[in-house]
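Here the protein sequences line up with chains A and B, keeping their order.
Residue numbering for the first sequence follows the working numbering, starting at 1 and increasing by one per position.
Residue numbering for the second sequence follows the working numbering, starting at 1001 and increasing by one per position.
A portion of the hints provided could be inaccurate.
Listed below are several chain A residues computed to face chain B (Cβ distance under 10 Å; list not exhaustive) [said to hold, decoys possible]:
#1 K9
#2 K14
#3 F16
#4 M19
#5 G48
#6 L67
#7 L81
#8 Q89
#9 T129
#10 E134
#11 P149
#12 E150
#13 L159
#14 K162
Straight line, CA to CA, 27 Å or less: simulated DSSO-like cross-link-like pairs of lysine-lysine [stated by the list, open to error]:
#15 A/K71 - A/K111
#16 A/K167 - B/K1101
#17 B/K1131 - A/K167
#18 A/K44 - B/K1190
#19 A/K44 - B/K1160
#20 A/K34 - B/K1102
No wet-lab data here; the hints were simulated from the structure.
Predicted model, so just to flag it, every value in this text is computed and none were measured.
Built from N, CA and C at the ideal position, the CB exists for glycine as well.
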Amino acid sequence: MTESWGNFKSFEGKKFKAMDAEFTNEVSKLIGGKDLTACFQCAKCSAGCPVSDKVNIQIHEVMRMMLFGLKEVLETDMVWLCSTCYTCQERCPQGIDITDILFGLKNMAFKKGITPAGYIGARKSLYDTGRLYEPTDWERDDLELNPVPEFNIEDTKKLLDKMKLMKLEEDE
Amino acid sequence: MTQSYEVFLGCAIPSRFNNYESSMRAVAKELGIKLIDFDGASCCGTVVLKSIDESSWLSMSGRNIALAEQRGHDIVTPCNGCFGSLKDTDHVLHDDETYRKKVNAALKPLGLEYTGKAKIRHFVEVLYDLKDEIETKIVKRLDGLRVAFHPGCHLIRPSKVAGFDDPELPRKVDELIELTGATSVHWDMKLRCCGSPLLIASEDVALKILQEKMISANGAGANCVVTNCPACHTQFDIQQLGLKDDDGNSLELPALFVTQILGAAMGLDLEPLGFELNRVSLDPINDILGL
Chain A
1 MTESWGNFKS
11 FEGKKFKAMD
21 AEFTNEVSKL
31 IGGKDLTACF
41 QCAKCSAGCP
51 VSDKVNIQIH
61 EVMRMMLFGL
71 KEVLETDMVW
81 LCSTCYTCQE
91 RCPQGIDITD
101 ILFGLKNMAF
111 KKGITPAGYI
121 GARKSLYDTG
131 RLYEPTDWER
141 DDLELNPVPE
151 FNIEDTKKLL
161 DKMKLMKLEE
171 DE
Chain B
1001 MTQSYEVFLG
1011 CAIPSRFNNY
1021 ESSMRAVAKE
1031 LGIKLIDFDG
1041 ASCCGTVVLK
1051 SIDESSWLSM
1061 SGRNIALAEQ
1071 RGHDIVTPCN
1081 GCFGSLKDTD
1091 HVLHDDETYR
1101 KKVNAALKPL
1111 GLEYTGKAKI
1121 RHFVEVLYDL
1131 KDEIETKIVK
1141 RLDGLRVAFH
1151 PGCHLIRPSK
1161 VAGFDDPELP
1171 RKVDELIELT
1181 GATSVHWDMK
1191 LRCCGSPLLI
1201 ASEDVALKIL
1211 QEKMISANGA
1221 GANCVVTNCP
1231 ACHTQFDIQQ
1241 LGLKDDDGNS
1251 LELPALFVTQ
1261 ILGAAMGLDL
1271 EPLGFELNRV
1281 SLDPINDILG
1291 L
């Protein structure tokens, strides 16, 4: 359905060079990735997924692409159109932490510069201000709420510098 | 026994839904729940930062948990996003020694350490513990209110992290809602994500999901939607404005916070419940709420 996101839109006519065992190994090490090989393609994950009918590549296909070591998975729309609702993870009969693995895939895609623009802005906001949105003071005054407690932005900057948040792309 | 918590507001509530904070505080006061301001809190990190870089997310979120822990307090939050992020962080840092060491090494120069002593709870969990007491305080029945209750995802899933209610058949908040005399209707899209986390990646897809939800809520005969999360509420009380089905019929239903209807049914002062800040018109249910 979507044209808006992802370069990999269909398996139709695609030929894949080689299965990259190293990539499979890499995704297996993501949070939740250890049970990846237990997937037997029942597609229950896709059956309950709120975006199954809105993406080109569905979540059970993403699971198989990871197992087959197909790096093209990072270019699928499913990666960034996952709403993080955890329904697939909750229902997986093999107990695979599917949603958590998908977060790891997002991390890998972000490092390669494959990400919706909104995330670039959100990263800057989180780094610069430690928040995603600023308080609406007139509403708080009207409702006689106290000001939102302050914090030292240098504290979170120190943490995020240590994790190299603003230099993730250079890790490649 | 008085319960006390540091209250973690997150970013969305002070920005868009100050009526949620205000109604939460009013209900907490009536029930003797002590809410301590959370000094030094940053954003929880949320699924946004987790999507970008898990180490950054764990350190930002872990710092918040460590602050409460250092002061010997537990944490309560009225936001599903913050609840999910903080609980998930707690879960990872508890189970994964590599991440725990990495985060604690970063926290050490700030004089902080995560050890996992601070409990993290959602405000509705605390309310559910006080269900019997709430029942005795209902003075104004909200008969005729037909609620499509939207629990949201991160309050109940993944259940091994959230640990609050049945992930496939949640009933606890519905029970609180029904104490008021309101009916919590069955709607088939109840457990579906609201689509809010997708607003950053694709507003089209987020709105399509919201449309599916609202067709279901209207079809079930609900006359309002109730949530316990500001991220979900962004969909229901902002994005929902002017929402129509594919034939052009309005799908708008008033959107309320669970604390607003509990406060109204407990006969609390209306002003702090903040109904005048609700964006979708409350006209269809004004009489029931006594506005």
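Structure-based check of all given hints:
1. For the restraint placing A/K9 at the interface with chain B, the shortest Cβ-Cβ distance is roughly 15 Å, beyond the 10 Å limit, so the hint is violated.
2. Taken as an interface hint, A/K14 does not check out: its beta carbon lies about 24 Å from the nearest beta carbon of chain B, beyond 10 Å.
3. Against a cut-off of 10 Å between C-beta atoms, the interface hint on A/F16 is violated, since the closest Cβ of chain B lies about 26 Å away.
4. Here the hint on A/M19 is broken, as its CB sits about 26 Å from the closest CB of chain B, past 10 Å.
5. With a least beta-carbon distance of about 9 Å to chain B, the hint placing A/G48 at the interface is held under the 10 Å criterion.
6. About 21 Å separates the beta-carbon of A/L67 from the nearest beta-carbon of chain B, more than 10 Å, and the hint is not met.
7. Here the hint on A/L81 is kept, as its CB sits about 6 Å from the closest CB of chain B, short of 10 Å.
8. Because the closest C-beta pair between A/Q89 and chain B is about 5 Å apart, less than 10 Å, the hint holds.
9. This hint holds: A/T129 has a C-beta 8 Å from the nearest C-beta of chain B, less than the 10 Å allowed.
10. Hint status for A/E134: holds, given a least beta-carbon distance of 6 Å to chain B, under 10 Å.
11. Among the interface hints, the one on A/P149 holds; its C-beta lies about 5 Å from the nearest C-beta in chain B, closer than the 10 Å criterion.
12. Hint status for A/E150: holds, given a least beta-carbon distance of 8 Å to chain B, under 10 Å.
13. Interface hint status for A/L159: upheld, as the beta-carbon distance to the closest one in chain B is roughly 4 Å, under 10 Å.
14. Interface restraint check: A/K162 against chain B, minimum CB-CB distance 5 Å, threshold 10 Å, status holds.
15. Proximity of A/K71 to A/K111 is assessed by CA-CA distance (about 14 Å); at most 27 Å being required, the pair is judged to hold.
16. Restraint check for A/K167 and B/K1101: the C-alpha separation of about 22 Å stays at or below 27 Å, so the hint holds.
17. Distance restraint check for B/K1131 and A/K167: the Cα-Cα separation of roughly 49 Å exceeds the 27 Å cut-off, and the hinted pair is therefore not satisfied.
18. Simply put, A/K44 and B/K1190 have alpha-carbon atoms about 19 Å apart, close enough for the 27 Å limit, and the pair holds.
19. Distance check on the hinted pair: A/K44 and B/K1160 sit about 19 Å apart at the alpha-carbon level, within 27 Å; holds.
20. Between A/K34 and B/K1102 the alpha-carbon distance is near 20 Å, which keeps this suggested pair within the 27 Å criterion.
The earlier numbered hints that this structure contradicts are 1, 2, 3, 4, 6, 17.
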